[in-house]
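Participant: Here's the letter readout for the chains.
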Amino acid sequence: MTETQRRLVADAWAFRTRVEREAAARFIRLATEISRFDPHSPVPALMRRAAEDEHRHAALCAGLAAAYGTAATASANEVPIAPRALGARAAVLYEVVAACCITETESVATLTSLLAEEVDPGVEKVLRAIARDELVHGRMGWAHLARESAGYDVSFLSSWIPAMLSGSVEETLFSHLDATPEDPDLLRHGVLPPSQKRAIFARTLEEVVVPGLEQFGIDGSPARAWVCARIR
Amino acid sequence: MLFRKLFRMLVLGGAAIGANAGCSAAQAQQAAEKKQDARAAADGGTGATQSSDGKADAGSGVQGW
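Those sequence lines, one after another, are chains A and B.
Heads up, the final residue of the first sequence is numbered 232 in this note's numbering, and it's a clean run with no missing numbers.
Heads up, the final residue of the second sequence is numbered 297 in this note's numbering, and it's a clean run with no missing numbers.
FYI, nobody ran anything at the bench for these hints, they're computed from the structure.
The reader is advised that the hints may include incorrect statements.
[Said to hold, decoys possible] Capping the alpha-carbon separation at 20 Å, the derived lysine to aspartate or glutamate pairs in DMTMM-like fashion look like this:
1) B/237 to A/207
2) B/237 to A/52
3) A/197 to A/118
4) B/237 to A/214
5) A/125 to A/52
6) B/237 to A/117
[What the hints assert, rightly or not] Label pairs and their in silico Cβ distance ranges:
7) A/195 to B/252: 20 to 26 Å
8) A/80 to B/240: 19 to 25 Å
9) A/73 to B/251: 30 to 36 Å
10) A/48 to B/289: 18 to 24 Å
11) B/248 to A/207: 29 to 35 Å
12) B/248 to A/4: 45 to 51 Å
13) B/248 to A/52: 22 to 28 Å
[Said to hold, decoys possible] Covered by chain B, according to a simulated footprint, are these stretches of chain A (three or more residues, beta-carbon under 8 Å):
14) 77-83
15) 96-102
16) 146-156
17) 197-209
Even for Gly, the Cβ is constructed at its ideal location relative to N, Cα and C.
Chain A on its own, in the form it takes in the complex (with noise of 0.2 Å):
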């Protein structure tokens, strides 16, 4: 492994150490505000737990990160992220499906790819440990958006689905300024090449978030266009 490529791989360990620490607070911070208009709903409960579940994840991949030679010290730097024209109500709504229905599970999706590829057993021992709470984490966004559906008409968040796209990613990752090489040996350290990452996240929104989205009534033409946008 040359220097430049324990570099790369140390700093997407850090950065996912961060990510995961975000998760952490944004989590607490959602299940308070859920329990205080749905309280028989079982999302505030799996929220709590997998705030838990991202401290142990943060501890995981910072660990990674110093065995490739970098401290993770950033910490949480978790901010609401909704439109501030959003009623309360509909600001959690559309922090869930931010956080779990599109960033949750590409990120199942990424896992996945990775444990289908071969990586050194302690990357592996890692994934393999998130991949299991990720599901979970995941699905309570889905679940949460049933319910929310169930109950009135979340459309609205049609129009605001690319804003949540264009946040989840690096815009550079649709470019050709991605600085991160084209380079397979990255994947047995748990790090995808752009063009895998680029290909599972699409791949990701038009055969999962998309069509789950429309389950519940938002349309997804604005999301396919924004993916076209970048991909073709």
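Once you've looked at the hints, dock chain B against the given chain A.
Facilitator: For chain B alone, kept in the frame of chain A given last:
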């Protein structure tokens, strides 16, 4: 195949979790109340429309793996 499986496990699995806890009378009443204030939920009771006057108002997403 993988994606079809993910759809089943995540979307349909999640919907089942959400629905199974929503069968009580209290839930039905809550759903009715939700319908009544759906418009208020969407615009915060202000009648506001989606704003496009700045990045903070545009909404964002959550980065993942």
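Participant: The structure should be examined with respect to each hint, and the outcome stated for every one.
Facilitator: Now for the hints, and whether the structure bears them out:
For a cut-off of 20 Å, the pair hint linking residue 237 of chain B to residue 207 of chain A stands: about 10 Å separates their Cα positions. Proximity of residue 237 of chain B to residue 52 of chain A is assessed by CA-CA distance (about 26 Å); at most 20 Å being required, the pair is judged violated. Under the criterion of a C-alpha separation no larger than 20 Å, the hint pairing residue 197 of chain A with residue 118 of chain A is consistent with the structure, at around 16 Å. Between residue 237 of chain B and residue 214 of chain A the alpha-carbon distance is near 17 Å, which keeps this suggested pair within the 20 Å criterion.
With a C-alpha separation of about 19 Å, the suggested pair residue 125 of chain A and residue 52 of chain A falls inside the 20 Å cut-off, and the hint holds. For the given pair, residue 237 of chain B sits about 18 Å from residue 117 of chain A by alpha-carbon distance, which is consistent with the 20 Å threshold. Taken as a hint, the range 20 to 26 Å is violated for the pair residue 195 of chain A and residue 252 of chain B, whose Cβ atoms sit roughly 40 Å apart. For residue 80 of chain A and residue 240 of chain B, the hinted distance range of 19 to 25 Å is not satisfied, since their beta carbons lie about 31 Å from each other.
Between residue 73 of chain A and residue 251 of chain B the beta carbon distance is about 42 Å. The supplied range of 30 to 36 Å is therefore violated. For residue 48 of chain A and residue 289 of chain B, the Cβ-Cβ distance of about 30 Å falls outside the hinted range of 18 to 24 Å, so the restraint is violated. Between residue 248 of chain B and residue 207 of chain A the C-beta distance comes to about 20 Å, which lies outside the given range of 29 to 35 Å. Between residue 248 of chain B and residue 4 of chain A the beta carbon distance is about 46 Å. The supplied range of 45 to 51 Å therefore holds.
Hint check: residue 248 of chain B to residue 52 of chain A, Cβ distance near 23 Å, so the stated range 22 to 28 Å holds. Three residues within the 8 Å Cβ limit are the bar, and the stretch 77-83 of chain A against chain B gives 3, so the coverage statement holds. A stretch counts as covered by a chain when three or more of its residues have a beta carbon under 8 Å from one of that chain; for the stretch 96-102 of chain A and chain B the count is 3, and the coverage holds. With 8 residues bearing a CB less than 8 Å from a CB of chain B, the stretch 146-156 of chain A meets the requirement of three and the coverage assertion stands.
Check result for the stretch 197-209 of chain A against chain B: holds, 4 residues qualifying (beta carbon to beta carbon below 8 Å, three or more required).
Hints 2, 7, 8, 9, 10, 11 from the list above are not met by this structure, while the remaining hints are.
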